[in-house]
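4 protein chains.
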Amino acid sequence: MNLLEPLFRWNAVEILLSDRARLQGMLDFEAALARAGARTRVIPEAAAPAIAAKCRAELFDNEALANATALAGNPAIPLVRQLTKLVEKEDKEAARFVHWGATSQDAMDTGFVLQLRAALDAIAPELQKLSDALAKLAKKYRATPIAARTWMQQALPTTFGVKAAGWLDAIDRHRVRFGELRQRALVLQFGGAVGTLAALGDKGMDVAAALAEDLQLRLPTLPWHTQRDRIAETVAAFALLTGSLGKIARDISLHAQTEIAELHEPAAKGRGGSSTMPQKRNPVTAAVVLAAATRMPGLLAAVFGAMAQEEERGLGNWHAEWETLPEIIGLAAGALHHLTETMSGLEVDTKKMKENLERTRGLIFAEAVQMTLARSLGRMAAHELVEAACKRALAKGRHLRDVLAEDRTVKKLLKKNELARLFNPAEYLGVADSMIDRALQAHNAMRPKASAARAPKRAKNGD
Amino acid sequence: MNLLEPLFRWNAVEILLSDRARLQGMLDFEAALARAGARTRVIPEAAAPAIAAKCRAELFDNEALANATALAGNPAIPLVRQLTKLVEKEDKEAARFVHWGATSQDAMDTGFVLQLRAALDAIAPELQKLSDALAKLAKKYRATPIAARTWMQQALPTTFGVKAAGWLDAIDRHRVRFGELRQRALVLQFGGAVGTLAALGDKGMDVAAALAEDLQLRLPTLPWHTQRDRIAETVAAFALLTGSLGKIARDISLHAQTEIAELHEPAAKGRGGSSTMPQKRNPVTAAVVLAAATRMPGLLAAVFGAMAQEEERGLGNWHAEWETLPEIIGLAAGALHHLTETMSGLEVDTKKMKENLERTRGLIFAEAVQMTLARSLGRMAAHELVEAACKRALAKGRHLRDVLAEDRTVKKLLKKNELARLFNPAEYLGVADSMIDRALQAHNAMRPKASAARAPKRAKNGD
Amino acid sequence: MNLLEPLFRWNAVEILLSDRARLQGMLDFEAALARAGARTRVIPEAAAPAIAAKCRAELFDNEALANATALAGNPAIPLVRQLTKLVEKEDKEAARFVHWGATSQDAMDTGFVLQLRAALDAIAPELQKLSDALAKLAKKYRATPIAARTWMQQALPTTFGVKAAGWLDAIDRHRVRFGELRQRALVLQFGGAVGTLAALGDKGMDVAAALAEDLQLRLPTLPWHTQRDRIAETVAAFALLTGSLGKIARDISLHAQTEIAELHEPAAKGRGGSSTMPQKRNPVTAAVVLAAATRMPGLLAAVFGAMAQEEERGLGNWHAEWETLPEIIGLAAGALHHLTETMSGLEVDTKKMKENLERTRGLIFAEAVQMTLARSLGRMAAHELVEAACKRALAKGRHLRDVLAEDRTVKKLLKKNELARLFNPAEYLGVADSMIDRALQAHNAMRPKASAARAPKRAKNGD
Amino acid sequence: MNLLEPLFRWNAVEILLSDRARLQGMLDFEAALARAGARTRVIPEAAAPAIAAKCRAELFDNEALANATALAGNPAIPLVRQLTKLVEKEDKEAARFVHWGATSQDAMDTGFVLQLRAALDAIAPELQKLSDALAKLAKKYRATPIAARTWMQQALPTTFGVKAAGWLDAIDRHRVRFGELRQRALVLQFGGAVGTLAALGDKGMDVAAALAEDLQLRLPTLPWHTQRDRIAETVAAFALLTGSLGKIARDISLHAQTEIAELHEPAAKGRGGSSTMPQKRNPVTAAVVLAAATRMPGLLAAVFGAMAQEEERGLGNWHAEWETLPEIIGLAAGALHHLTETMSGLEVDTKKMKENLERTRGLIFAEAVQMTLARSLGRMAAHELVEAACKRALAKGRHLRDVLAEDRTVKKLLKKNELARLFNPAEYLGVADSMIDRALQAHNAMRPKASAARAPKRAKNGD
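Protein chains in written order, with the numbering used here: chain A, 1073 to 1535; chain B, 1073 to 1535; chain C, 1073 to 1535; chain D, 1073 to 1535.
Just chain A, with the same shape it has in the complex (with noise of 0.2 Å):
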């Protein structure tokens, strides 16, 4: 195991991942292609059950893959020159049809298509998990007043269920558009040398519906060796769910600095310390989605930098994918993983959120006296005339209320406890109950939509 491995990713994800992982796509490829082939009755139907009995990635040996790679350009000629091998010492006649019409490309790419499957397969019930404790805080802390904040100063009170329901909504954007990848970026790549399928004569399309089916992937309309705009399209899925997951976490550690404290994450022995300040209990999660998140822009951009692939098979930039696609996936999945913990057990500190509320002697509530003000004098002028007060009640070190309270045209305009009670946070949340309202009920209304779009049940070579 890597050293970093289980600060910044999520074993069940990072399995899917591994050069084991990698291989067994491509051996699945194999084995459907041979039975595709058999069924289609382009190679015999012997051969078949023959080549998938070796199609089990722990029958090779890896580090004579690796070097031979280094030769070949590339990890499926060595893979099917061993597998030819395998299958020839059982069954000489079946060896024959190893690989039969495909190049390296459709198993590399179908291959990852298997793992990225499989990845989806793990990530949508975590996802779902994460949307669910975001729907749970946003329901219970729906009428917890808390300073909101904008350009990093207090600007009005809003309540921690609006903050909670903001990050659901993303997150369940999100979770829509996973369900919507899977149409778009699980398809077949199948055409042979070139495209053309022209080493199946005229039985191309017949294997590769064949093939299509066996593997439970979306046949697409034309092989897509050098149109990878699905593969773009995948990693910048997961580019998006990882800025979500940054902006709660960015969130996450504002909130939790000393000064603010009014979140925390989940308090573990040993979790956060220092190897020097006993006090400390660093925001961990916070530190590891926004790596995830400075680390993933430059990864998208290194895939979509590589889109301009030559001609029929690109030379270099195809190859920039092999070790940046895991890498995205594993990123994102490790950051949605620990962020999920993390926001299942959030320490939330409601009084001190209140107390927050208090630190600008009335300031925060400045805009709440104008818009009321404004009814008679204007938006324009009311906010010349609270700015001015704001400015009086900085300089003495004084609550807005009484700057406000002396002023003659305030005094013509409101009696004292109109004035007072624009002071009172619950008085000016506007529509946050709605808007808390419509995230839930979209969340909920979520839940049969988000099993379908989990993948049906497949046979047992599916993936």
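Since the hints were derived computationally from the structure, they do not count as laboratory data.
You may find that some hints are simply not true.
When chains are identical, the list treats them as one kind, so a pair holds in a single copy or across two.
Unchecked claim - Calculated cross-link-like contacts (lysine-lysine; reagent style BS3-like; alpha-carbon spacing at most 27 Å):
#1 K1424 <-> K1211
#2 K1463 <-> K1426
#3 K1424 <-> K1463
#4 K1341 <-> K1161
Since we're looking at a predicted model, the values are computed, not measured.
Following the hints, position chains B, C and D against chain A.
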């Protein structure tokens, strides 16, 4: 006009991304907000037309706004101030209700969405024009043999029609994506200072709904001031498109090389000349499109890198979007437009394609021979036999057919005329024809769909 | 003027990056080329002044050039054509020798280098101004305690002077880098069509040397039309600077938060207001600088992604530089300028710094206690003792000092007043003072060096 | 071994970037810290050897460390804990002083710097090997004509020696840069928890100096926990190198195309084969190097995007470096190594170069004719005359020489044999020879410098 604008951009879209258009986008928001406020009786009915009458970009002083923006930190603040003053001159009462209930980012984000809609409106027919041009190439050159090249080496024969079908298939996927993007991205931004619409009391949702209807934008579940996934998804769509355009341009650049010379950009007086070499005819469009494809991933990374925005309003990361979003749209649109023009007039040299197929003295037919022999020998043994023959042919500068004709095994398995037939490109095109049919059918099937995806007619203030 | 220009850019540099400046850069090249040709007797002596006289950007029609650029593929071709016509009107003979021996890229690259030199000239004193402002802060607040924060949590006390010294140290490194960049990047581009100066026969090196001398640029070993490492290194220097500016801005944004309020950007009427919240004072400079820091990595990636340029002249990747290079310089210069202004007037609230140090009820002094106890107990045992005490203090809301005072081990090892002294920030600043001295000494030592690094006076046509 | 490691990486450097090496880097720091503490009498003299004895990575349980890292948030914390326990077993007293005065980041950053130094030590001779190979090509093919290509079109003749000299010149610049990088980047990180070395009282600078001396690293003016410009500059150097390697690989890929076939990667059994096409010989090294060049800009962007680190220790952005830095170094080293091997055995087909020069029927000599005519006609008029002749030649498939021979103006100005001579590539090479001489002289002049730039011998614990 910027010196490089006609080269890199498309004026039909560039004008939608100008400062003027940016201002108008915000002003359209302010006008619609006034109407929505009036309709929901949040502001006086008479205020709406008075405000809307001044919401015309040409009434504003761009330089004064620019200078004030540097102070205020965003252009909406001085815009609202100037607008208020303009309204005031005519109608003091109405001026009180300018920007009622909104925050700067509501105007800026919605304004951008309106600019985006106009850009999508302009791009959709251009995209269709490009894909129609590609469909035409696919059909016309359906049976024109050309050397397929993998790793920048001649591989097998294919047809130029297949190549064009591959381009077409990708572009048609983008048309679907852009159609869907309208549904996802064309949403209202309206949350007031912190997303609760507090300044509107309990009327927030009513105003929001009226505003969305007025602008013919979708009403999102929640405001999205710091949930930028829709923005990032939007730029990803443009970057995806640019990547596929770059792939086509890369192919053209390769096929246009002096030694290959199969494709040429349409000639025009003065086009692609050199300041010093009189014989040059540079592929200017390929350069322009590849330049966009080179720049795009980094611009994309900037927007994704800005996703983790702080709390209720981001600091710096939101600002990072302001110049980047129009740059992305403008570059993509420019690349699309220039490539569309070029593909509509692409010069195809079928004679040169044929000539190039003969360059390797038969090596390009190696797989054809191998697959035929493989039926008797098995794939791997046939591969090794033919590989060795290729080496002998290369070493002695002989034709592969002649070398093979002397091989004992080959002699046993193939008659002379059977062997000869394997060296005819038309005989080794697999299901090229079906591939083209599939792409054309999919293309034709899009016709009604694509037009449905385009926006319905909108009220005059719609965008 | 662009709407967002005064916000994001610095007009003193922006003007050096304008289209006008771009044209003038190329024209300065053409004028110098004519003089160098005359001096080396490659063209008639009289041609030089006749050509040079027309090398003034204001004589050219930008719009016509823009349109011709779209055809030609680069702006140098139509520029040379217009220039030739202008010269022709006055001196037919001289017109024959315009652009003699050069290629478009020679003019464009050298023109850019001249623009770069002017930008570096403008930036150097601004950088010094910034570092002087930081040095002043380091000196003035040398002994002002402030909470150091790690992982966005209070860690130990430090002084604000140390923090400023850290900023200063980085900026002074950039000053060295920019000084060195002059040596590396300010080189002539001159190779003719393919880098052999073939059009000049055997006079190529003579003309090149004369041209370099005339423009006061270094003569490189070879032309570098497709060796773009100097270009990439140049933008890396700007991106490095922007990263360090971003770090300062990030710190300011954190220290300026409502609940922390230790630093504020200088107040100015209307600065950092909100369109709706009258109390807001947004840190506009922090936003501007962070926006630049957010955009820069992607722009940098674009230039590095364009390095693998084809053969003797790149296709598309060279073009990707044209708009990107000025964007990078302009954004960096804008961030530098705005931050320099802000740091020169930074408001420092030392009272608030002190207050915040007291927020944790002694936890911030945990390491101080630990290290004292560690002398007897060992580092790890002391760490565990104090960590446990911190947890008790937190749980019960008590001061760490009081909790520790009750601990049996602590009682044995520390007298009460010894324990108390450990909770004085001034007692636990380590070598803060020496750190500041080191930074200031290094800063002062740069004074002569920095000015030497600036360019010597140049002849009037130098840039 | 990772499946793709031998393809993309270089094992001599990969081993320096492994988890084991990462641990050893931190342990070397801890050992040196103990010695420095003892030397400055901050910890007991006997503690140093007791601690140093356990600072061997093989004594540590990587899996336990990995799991503990996920909790702690960084690997140094559990490492220090395990180290303390190991020391404790032998020497309880010494165990008290493990990690005395340091913070996690001191160990991690310095550990990385030590890994970096080892990597630079490995890379320097490989870089020299590459540049020597390029110098050899420049010398050997000094007079070998080849078509220079601009915008991927044949332009003028040049020599293959000039092309190699251009590659060489760039690589030699990188050698200078890497030499200088040692001075800039190989600095100690040592600041304690917040950069004041508070835990060491007034001994901080003494310990720091002793530590720097022990590790033979430079002592920086200040700790740089959140000033990451040196880190970013370091990765920029690797990215710059990779960009130039990518440029060479791009050229090879173009020259190796079937239709051009001027250069080939050295043949080796099984190298660059295809899983299905027996005739293929794919340029594997070009693919590997271009893959690195494609991935690098995004990785670079990630590190630059992580520069704005918070206050005294970053949250997430620092963490973003941990996996990215070794990835960058490893990819660059892999590309360097594979390209060095390839360039040392590059197959050069001078016959094919000559053949290709004849492909255009004289068009490639158009500038030569133009410049000769220009002496009489002026550059622009000559340009137009020759441009028109080129068009006629192309249209009629005739040789440019023959077309020109019929031109009235040409007839007047040039005798037949004069015209013929203009179509000899050897006659239009300008100062190609001087260019090569300049590059070779610069290369030879580096020999002593380069070796001086390499590190002096170090004490055994040095890295």
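Hints and how they fare:
1. For the identical chains of this complex, K1424 and K1211 are intra-copy neighbours only, at 19 Å inside a copy versus 36 Å across copies, given an alpha-carbon limit of 27 Å.
2. In this homomeric assembly, K1463 and K1426 come within 27 Å of each other (Cα to Cα) both inside a single copy, at 23 Å, and across copies, at 23 Å.
3. For the identical chains of this complex, K1424 and K1463 are neighbours both inside a copy (26 Å) and across copies (18 Å), given an alpha-carbon limit of 27 Å.
4. In this assembly of identical chains, the alpha carbons of K1341 and K1161 lie at most 27 Å apart only when taken from different copies (24 Å versus 55 Å within one copy).
When held up to the earlier numbered hints, the structure conflicts with none and fits them all.
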